[in-house]
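Residue numbers (our numbering): 1 to 303.
Among the clues, some could well be false.
[As the list claims (entries may be wrong)] Below, simulated DSS-like cross-link-like pairs (lysine-lysine); rule was C-alpha separation at most 27 Å, straight line: (1) LYS208 - LYS157; (2) LYS208 - LYS186; (3) LYS117 - LYS296; (4) LYS255 - LYS216; (5) LYS216 - LYS253.
[To be verified] The following label-pair restraints were derived from C-beta to C-beta distances: (6) ALA110 - GLY229: 19 to 27 Å; (7) ALA108 - PRO273: 19 to 27 Å; (8) ARG220 - GLY252: 23 to 31 Å; (9) ARG51 - ASN194: 35 to 43 Å; (10) ARG220 - ARG68: 52 to 60 Å; (11) THR59 - ARG218: 53 to 61 Å; (12) ASP5 - PRO71: 12 to 20 Å; (13) ARG130 - ALA110: 16 to 24 Å.
For the record, the hints were derived by calculation from the structure and aren't laboratory data.
No residue lacks a Cβ here, since even glycine has one placed at the ideal position from N, Cα and C.
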Amino acid sequence: MDRLDCDRMFVAVAETGSFTAAALKLGTSSGQASKLVSRLEAELDVRLLNRTTRAVSPTEAGQAYLERLRPLLEEFDSLDLSIRNSSQAPRGRLRLTAPMTFGAMELAPALNDFALKYSEIELDVSFTDRLVNLVDEGFDMAVRVGRPASSSLIARKLCQVRIFPVASPDYLAEHGVPALPADLAKHECILDTNLQDPNRWPLRDSDKDLAAVPVKGRLRYSNAEACLGAAEAGLGLAFVPSFVSGPAIAAGKVKPVLMQFEPAPLGVHTLYPHNRHLAAKVRVLVDFLVERYRGKPSWEAGW
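The whole structure should be built from the sequences, with the hints applied where relevant.
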């Protein structure tokens, strides 16, 4: 296994261009990473990496070795994984990343139920709005809202999320209900700075074409729940996902407006790297979430 450790570390260093990053990826120290690669070079009697103070890159021999070695390691891992999956119940540490708000509000309860069902699986979940590189950062899978951006990952759709403006009944009684997207210019809007352009809300026009509608407001929050809270307080209209506004709509705290102009729903997907043999722990979680979110979303119940 010592040679295998050396080979894995060489691939990690070559792919990340850094002993520090490779060590972090494989859960060891940069000093140990350097020792493993040096041991491999000594055994092969060839220099595999060019080392400078700024970067690390494969030599010509190192690049040739990397191209032959990478598929061999992948084949070994697939073989090892297939044997483990066939003989064991799902177990082990599963690293998952998901968006902050959807993760905390909707995914966490599902993961808690999953943890009760699969006691041998250890969940390590990172809720962040940063786009995490699953492979480079050692994550097993992700849950993301929106169109999958990477064709290098396998995506399975869980559900859809709608997004449209909402406001409190008191605000609408005092300021009127906007009938067209252009009417938003007359209203106080609560701006979510997590949106790609907080000052322009994507809504369809009368021809069903998507348009960026200019909006303005004196409140800017980097959190959809905070925006909804401001709308409930009567401070204006908020443009938030339905999993955030749904319970407040059902409770009568806010009302949706301009729903006939809402943009196409956003898909919620699980994403995981291509692998010939998917780890049992990942497979059972993906299947669990697909079943959990089957049908009409729970946050749309009651309206």
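Structure-based check of all given hints:
| no. | hint | verdict |
| --- | --- | --- |
| 1 | LYS208 - LYS157 | holds (25 Å) |
| 2 | LYS208 - LYS186 | holds (22 Å) |
| 3 | LYS117 - LYS296 | holds (23 Å) |
| 4 | LYS255 - LYS216 | holds (20 Å) |
| 5 | LYS216 - LYS253 | holds (23 Å) |
| 6 | ALA110 - GLY229: 19 to 27 Å | holds (24 Å) |
| 7 | ALA108 - PRO273: 19 to 27 Å | holds (24 Å) |
| 8 | ARG220 - GLY252: 23 to 31 Å | holds (27 Å) |
| 9 | ARG51 - ASN194: 35 to 43 Å | holds (41 Å) |
| 10 | ARG220 - ARG68: 52 to 60 Å | holds (54 Å) |
| 11 | THR59 - ARG218: 53 to 61 Å | holds (59 Å) |
| 12 | ASP5 - PRO71: 12 to 20 Å | holds (18 Å) |
| 13 | ARG130 - ALA110: 16 to 24 Å | holds (22 Å) |
Checked against the numbered hints given earlier, this structure breaks none of them.
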